[in-house]
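Here is what each chain is made of, one letter per residue.
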Amino acid sequence: MALSTGTHAGALLAAAVLLPFVGMLLGVLLGGRQVQRVALACMPLGLALALGITVAWLREGQTLVYLLGGWAPPLGIALRADGLAVAMLLAVAAVVCGIGMYARADFATPPDVRESRAAFSYWLLLMAVWGALNLVFVSGDLFTLYVALELLTFAGVPLVCLAGSGETLRAALRYMLFALCGSVLYLLGAVLLYGGYGTLDIPLLAGAVQPGAIARTALALMTAGLLAKTALFPLHIWLPPAHGGAPAAASAVLSALVIKGSWFLVLRLWLDVMPGVVTWASAQLLAGLGATAIVVGSVVALRQERLKLLVAYSTVAQIGYLFLMFPLAFDATGNVLVHGAASTGGLLQAVSHATAKAAMFMAAGLVYAALGHDRIADLAGIARALPVTVLAFVLAGIALMGVVPSGAYLAKKLLLDAADGSGQWWWTIVLQGGAAFTAAYVVLVLGSALRRRSAALMQVKRVSRLAEFAALLLAVGSLALALAALGPLPGHLVSNPLAPKELAMTLLVLVGGALLALGLSRAPLLAAPRPAAAAPAGRLRQAALALGIACEQADRLVRRWSFASIGLLTLAALFGALLLVGRAT
Amino acid sequence: MNVETLFALCACALVGIGLYGLIVQPHPLRKLVAFNIMGSGVFVLFGALAKRGAAAGMAADPVPQALLITAIVVAFAATAVTVAVLLRLIESTATASLANEPPSGE
Chain R
375 MALSTGTHAG ALLAAAVLLP FVGMLLGVLL GGRQVQRVAL ACMPLGLALA
425 LGITVAWLRE GQTLVYLLGG WAPPLGIALR ADGLAVAMLL AVAAVVCGIG
475 MYARADFATP PDVRESRAAF SYWLLLMAVW GALNLVFVSG DLFTLYVALE
525 LLTFAGVPLV CLAGSGETLR AALRYMLFAL CGSVLYLLGA VLLYGGYGTL
575 DIPLLAGAVQ PGAIARTALA LMTAGLLAKT ALFPLHIWLP PAHGGAPAAA
625 SAVLSALVIK GSWFLVLRLW LDVMPGVVTW ASAQLLAGLG ATAIVVGSVV
675 ALRQERLKLL VAYSTVAQIG YLFLMFPLAF DATGNVLVHG AASTGGLLQA
725 VSHATAKAAM FMAAGLVYAA LGHDRIADLA GIARALPVTV LAFVLAGIAL
775 MGVVPSGAYL AKKLLLDAAD GSGQWWWTIV LQGGAAFTAA YVVLVLGSAL
825 RRRSAALMQV KRVSRLAEFA ALLLAVGSLA LALAALGPLP GHLVSNPLAP
875 KELAMTLLVL VGGALLALGL SRAPLLAAPR PAAAAPAGRL RQAALALGIA
925 CEQADRLVRR WSFASIGLLT LAALFGALLL VGRAT
Chain G
118 MNVETLFALC ACALVGIGLY GLIVQPHPLR KLVAFNIMGS GVFVLFGALA
168 KRGAAAGMAA DPVPQALLIT AIVVAFAATA VTVAVLLRLI ESTATASLAN
218 EPPSGE
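If you read the sequences in order, they're chains R and G.
So for the first sequence, the working numbering puts the first residue at 375; every next one is plus one.
So for the second sequence, the working numbering puts the first residue at 118; every next one is plus one.
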């Protein structure tokens, strides 16, 4: 083994990690307007590499391995790409290309300037995020993962404050400090594991790890730390101001890509490193946080006045969605997490969200660029002025909702099947309810965008056609993920979208969403109803408004620093306790 | 009590002090120092574990030391990035507070 450097196509993995970083360094050297050219040249190359890795993985039918310098673990470091990693590599490459297309307009260096600071930083940071993410996906040991995750944070923080205003700088600082708390907890867990088992290599560790005090403590600490970096409710202290305040092209990177890095690491830890240490109760807690995130995030999203903040809060809710898969991934005995329908569903959800959320932020950015503001109440007429952008927003919303036909629909179907199979009916409710909430904010925005306004009153700046089509392309891509059912996924999942049951479900989600939007939006969507009908409806509206205000206050409370940091420790302790006691199926 | 246990206890104390600082200190710079103290605690713990895990005839397990160097570099880089952002914040707003978000538009 000493002389081999892993499987046949393993070198592709090293290339996929190196390419963005090489591009970045080259950009620093060349400077000026060359940065953008280098970054844009890297994108098709990186996409080709990701495709190459996918083909190699399909052909070899096993995990791709690359041993750095030919040294095998435990002393050496291995890069590995299993199905999860390959899927994420491909998805991220595609989304980066889409974002690159979009950002060409926003972050072009002006012709009369030799080098503009924002453009220079943006393209370098985009490359850095990409490289760090690729490293997260292919790292074979927990320490390399730590370094990759830190790189990701270091690239993400400056993206938040590209605009340079006091507000965004403050958001960036909060993000950085809170992420650092999380990474120390993660490192502490990794150190404890090394002390207990003498290795951090994932397969070796998975073989050695025993459900004991060390593994439980480490898992609890690492999970809590990673949740802080992923911004799962109630640890989303930094996300709304950071994602809402950054330029749209940066928000798309942060929301679609950066948070997936730490989410992916939770997946690795729970499913690959310590599947036998995880308990039923701890998985319920994790998904329970996800369910709370869906409710609070969506309700607060509906109460936002600005489109970008609405999309940012919808990310808070969608992060919750990503964690619903964990209790559904147990095997038949209920003691061990396994890769199966639920984890595939979770992965598909992540990929759908990455593409759709990027498209949504781009659309929001275009609306802002065209109107000079993004107040939801004043969007009237925008659908006529920017039809492609609004179409991209709506398609992205449909993709997030998980109605037929979309990638998220397949994901939801897989998770629903898993919930049925394991008798956890309560997650069925959350999965369907979450879709209705997503429908609600799409309806809310669309309701405002479709209103008429005389053309004379509107002052719409021209926006880049290319950027509009980039957003549309990503949204359509998210819908087209449903085609995955033709290849790698079991075909029986795709039922006829026009079958009465599916149509009824879609209709139910949409009607539920419309009702939620009516009840929870800050400003009434319709003109005041006639007094005769108003009494019961008015009372309902009052109750919904009270709920909205309560959620908003809860959100503001948990986003206070003291609350969030104590919450982080409490969560670590809670996970530890549930890992100790929670073996009850 | 042997030397590894003593170091491990020191590590616990450092992590505890760091956590306390991160939670209660309002100034970002103090939070950053607290993060560094907490990080040092983790590094000391790693060193103690390296000593405990030494093979026969060796002073310590060398792998944690190699990892430690990297971790220290990462912590240093994190500190540098944070200070840079903090300096920009002070330049543009003349305050270094994390707290006063505007009441509504956040």
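To be clear, the hints were calculated from the coordinates, so they are not data collected in a lab.
Note that the Cβ used here is the ideal one computed from N, Cα and C, for glycine as well.
Treat the hints with caution; some may be incorrect.
Label pairs and their computed distance ranges (CB to CB) [said to hold, decoys possible]: (1) G:His-144 / R:Ala-385: 47 to 57 angstroms; (2) R:Ala-587 / G:His-144: 31 to 41 angstroms; (3) R:Thr-944 / G:Ala-197: 56 to 66 angstroms.
Tested hints:
Range check, His-144 (chain G) to Ala-385 (chain R): about 48 angstroms between beta-carbon atoms, so the 47 to 57 angstroms window is met. At about 37 angstroms, the CB distance of Ala-587 (chain R) to His-144 (chain G) agrees with the hint of 31 to 41 angstroms. Range check, Thr-944 (chain R) to Ala-197 (chain G): Cβ separation about 31 angstroms, and the 56 to 66 angstroms hint is violated.
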